[in-house]
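So the sequence lines, in the order shown, correspond to chains A and B.
According to this note's numbering, the first sequence is numbered sequentially starting from 1.
According to this note's numbering, the second sequence is numbered sequentially starting from 471.
Careful, some of the hints might be misleading.
[As the list claims (entries may be wrong)] A few chain A positions that, by computed beta-carbon distances, are all more than 12 Å from chain B: (1) Glu10; (2) Asp138; (3) Asp381; (4) Pro395; (5) Met406; (6) Asp417.
[Said to hold, decoys possible] Calculated lysine to aspartate or glutamate pairs in the DMTMM-like style (CA-CA distance at most 25 Å, straight line): (7) A:Lys400 - B:Glu859; (8) A:Lys400 - B:Asp777; (9) A:Lys372 - B:Asp673; (10) A:Lys143 - A:Glu10; (11) B:Lys807 - A:Asp258; (12) B:Lys807 - B:Glu832; (13) A:Lys375 - B:Asp757; (14) A:Lys400 - B:Glu789; (15) B:Lys867 - B:Asp607; (16) A:Lys400 - B:Asp645.
Don't read these hints as lab results, they were simulated from the structure.
For every residue, glycine included, the Cβ atom is placed at its ideal position computed from N, Cα and C.
One-letter residues, chain by chain:
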Amino acid sequence: MSTETKEWKEAQKERFDHRNPERSVHKSPEGLSEEVIREISEEKDEPDWMLERRLKSFRHFKDKPMPDWGPSLHELDIGSIVPYLKADETTGEDDWDDVPDDIKDTFDKLGIPEAEQEALGGVGAQYESEVVYQNMKDQWEEKGVVFSDIDTAIEEHEELVKEHFMTNCVPPSDNKFAALHGAIHSGGSFVYIPEGVTVEMPIQAYFRMNSEGMGQFEHTLIIAEDGADVHYIEGCSAPMYSRHNVHAGCVEVFVGEDASVQYSTVQNWSKNTFNLNTKRAKVKSGGTMDWISGSMGSKTTMLYPSTHLEGEGASDRHITIGFAGEGQNIDTGAKVSHLAPNTSSTIESKSISMDGGRTNYRGLVRVSPGAKGVKSSVDCDALMLDEDSISDTMPYEEIKESDVDMAHEATVGSIGDEDIFYLQSRGIEEDEAMQMVVSGFIEPLTEELPLEYAVELNRLVELEMEGSLG
Amino acid sequence: MSVQEIDADFIQDLSDERDEPDWLRQRRLKAWGSYEDLPAPNVIQTPGKRWTDLEELDVRSRGRRTDQRKTRTGIEADVPDGVIVADLEDAVRDHEELVRESLDSVVRWDENSLLAVHAAAWRSGLFVYVPEGVEVDEPIRTTTEVEEEARFSTTLVVAEENATVTVAESVEGGDETYFSNVVEVVAGDGAEINYGALQNLSDDSYQFTSKRGSTGRDASVNWIDGCFGTALTKSTVSTVIEGEGSDTRNYGLFFGTGSQHFDLETWTRHDAPNTTCDMFTRGVLDDRAVSAYEGTINVTKPAYEVDAYQTENVLLVSEKAEADASPRLEIDNHNVKCSHAATMGRIDDEEMFYMGSRGVDEEEARSLIIEGYFEPVFGELPFPELEEEFRELIHEKMETR
């Protein structure tokens, strides 16, 4: 490997692993209690209805069992997680110069302000539990596009938030971690695109956990009115600690008639993080929902973005990449409910496991009675790079309508020795050859991402593989 | 028909009447004493939905006694010297050690509650033993006409080194009958066992069946399993590949009409290198029939160089029918080629149009398409006669729909 590449890789590690000394103006004690929840709500000066919802969620959390069907969660001790940590009084600034230096420096290293200038329509940056920076370019703000943190949205668009926030999309009763989220959520984004407005450049939110042992519970609420069009990108990372962090985000997307929303995630949590998200979209007739997810980081990820196709002709596309290295269990998939006629879904999943990592595709496709003319295809491919790794594929299909066209395919295999041998015969070193094969394997998906993210994802893959092949 | 429940006295009497050896009596009593503590057979659960409700099966499993008739025909087959084909009860008496060795060697009664009830109450059965190097050319073909309120049937097929045998069993009849069926198939090194099953019980009957085979080195275990009758069937057909160089074919077909519910599980576990499996199930669902299919290919760490394929296709011919499917891969070794595919859909309009253009009326065209849909399952395994019966049954079912 050339010195140049080595230096680049060192720089990449510094980007993600960089840690600031912990500081806070408000930090909850470890663990969960009604008192802590009331404190968070008070700190945010929330209306009563939101506090009520938090407390109701907390009751659901206490009642719900831990999921027993997926990856082991026995090392996850919610009682020792810091649920809320506000690093600085500064929140929601729209000028990077007003963000405290140490925090700004973190996002500089991650390349956020730079990307904002070059390729993004708006940027939000969350540090610990609060959003420190949020800005939307004027040209869309003038058209009525709203991009703010949830606290600001509650102040300025209370009725919209009250109507949509964890009501009929992801109710807190959905699962244990949705309930946890509902009790202690903080930060995140509120995105509102008025009827017929297209946001031509992607909006990005970046979530950074800096402190040891904390939990991040940001909420993303996207409302795209009829004919609106937006691409929202979420990035996340944290430095590595020996104690476990937990991330239990929740994303709710409302796609109006003939509207189009793409939600892309490049997840690179540190390998001590439990990443347990609930993401769901409701799509009206003619609307389109795209979920593009790259899960690279975390110790354990459970992520199954879900789409309810509620209106005739609505469509869904899932593109999922899971990469599990040493000690990682990446359990991802997709859920689609076809509730109306002529709806369609396409699910493509690519998993890579190495160094004893474990990937699992877990998906559910439902077709309701009367949903005629549904088309659905599921493709899962898994690549295992060595003998220590594990790969499972577990799709579930529930078809209650005869007028459907449903196909599922899956493959699992290893890198062909011939491929590697061929590349080596061309003078390419073995580790580089492996990387090339893996990049080729995920290419059908990376080409769906905006260029910057495709490059980012490929770099992350290289970084992961470099660590093991040295 | 008055229904008599199974109880400990009944089990005891059953054993006494047959003057069973102590180990078998103990097995019955232990199983009866444990069933309540054992879990029910596994059923897929997704958010808000359980694919099969086993309650009725559960109630019937111990709510009905077997009666005394031996109604299996075809046991008196003409077979080469040394080959044993016998009623299992008789085999316990005449070949005790052979039976003792193979019983529970593949399927264990303590895996679930219904298997435990079966182990306690089984009465009829088939025992097939083929000694080393013997090839049985003619298939062993049995037919059971069930008249009892319950029937607990156990089949053991053992093929020693380099032996070959084909067994095909049909079960028919039934009147609100509970049919419990365990099949254990043990193929020694280089052996080949083909086992075919045709289940066409009355549509008010219930079936619980667990069929499993194991392979030595370079052995083959092949299945064809046809499910046509019963209100509710819970079925597992599976192979554990224990020996290097072995293979299995696991073929299945089902045809559900009315409100029939079939929960069909197929799986293969590869524990040895250089092994292959081919799993293929096709089904047609009409009226309000439901199928819940779970197919699993499991490749464990020691099994490298594995080729494993799995396909399920379902044709939905009625709007009210439901097809649930979960084809799974559980792969712990990277040096494998595994794939699965599942499709669900209705009759292709173009195919209908084509038939119409050839002067075939609509009803006839549908019949032809449905009957033809099963053909890819046939012809690969040595069951020509059984396959002919499958065809007739499919045709019959088409006529009466």
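Checked hints:
1. Glu10: holds, 30 Å
2. Asp138: Check passes; 43 Å lies beyond 12 Å.
3. Asp381: Not fine: 9 Å to the nearest Cβ puts Asp381 of chain A too close to chain B.
4. Pro395: violated, 6 Å
5. Met406: Label violated. Min Cβ-Cβ 4 Å, cutoff 12 Å.
6. Asp417: Non-interface label on Asp417 of chain A violated, nearest chain B Cβ at 10 Å vs cutoff 12 Å.
7. A:Lys400 - B:Glu859: violated, 30 Å
8. A:Lys400 - B:Asp777: violated, 33 Å
9. A:Lys372 - B:Asp673: Since the Cα atoms of Lys372 of chain A and Asp673 of chain B sit roughly 29 Å apart, the hinted pair is violated (cutoff 25 Å).
10. A:Lys143 - A:Glu10: Violated, because 43 Å separates the two Cα atoms, which is more than 25 Å.
11. B:Lys807 - A:Asp258: At roughly 42 Å apart (the allowed maximum being 25 Å), Asp258 of chain A and Lys807 of chain B break the hint.
12. B:Lys807 - B:Glu832: Measuring from Cα to Cα gives roughly 42 Å; hence the hint is violated.
13. A:Lys375 - B:Asp757: Holds. Lys375 of chain A to Asp757 of chain B sits at ~22 Å (cutoff 25 Å).
14. A:Lys400 - B:Glu789: Satisfied, since the Cα-Cα distance of roughly 8 Å is no more than 25 Å.
15. B:Lys867 - B:Asp607: violated, 31 Å
16. A:Lys400 - B:Asp645: violated, 30 Å
Hints 3, 4, 5, 6, 7, 8, 9, 10, 11, 12, 15, 16 from the earlier list are contradicted by this structure; the remaining hints agree with it.
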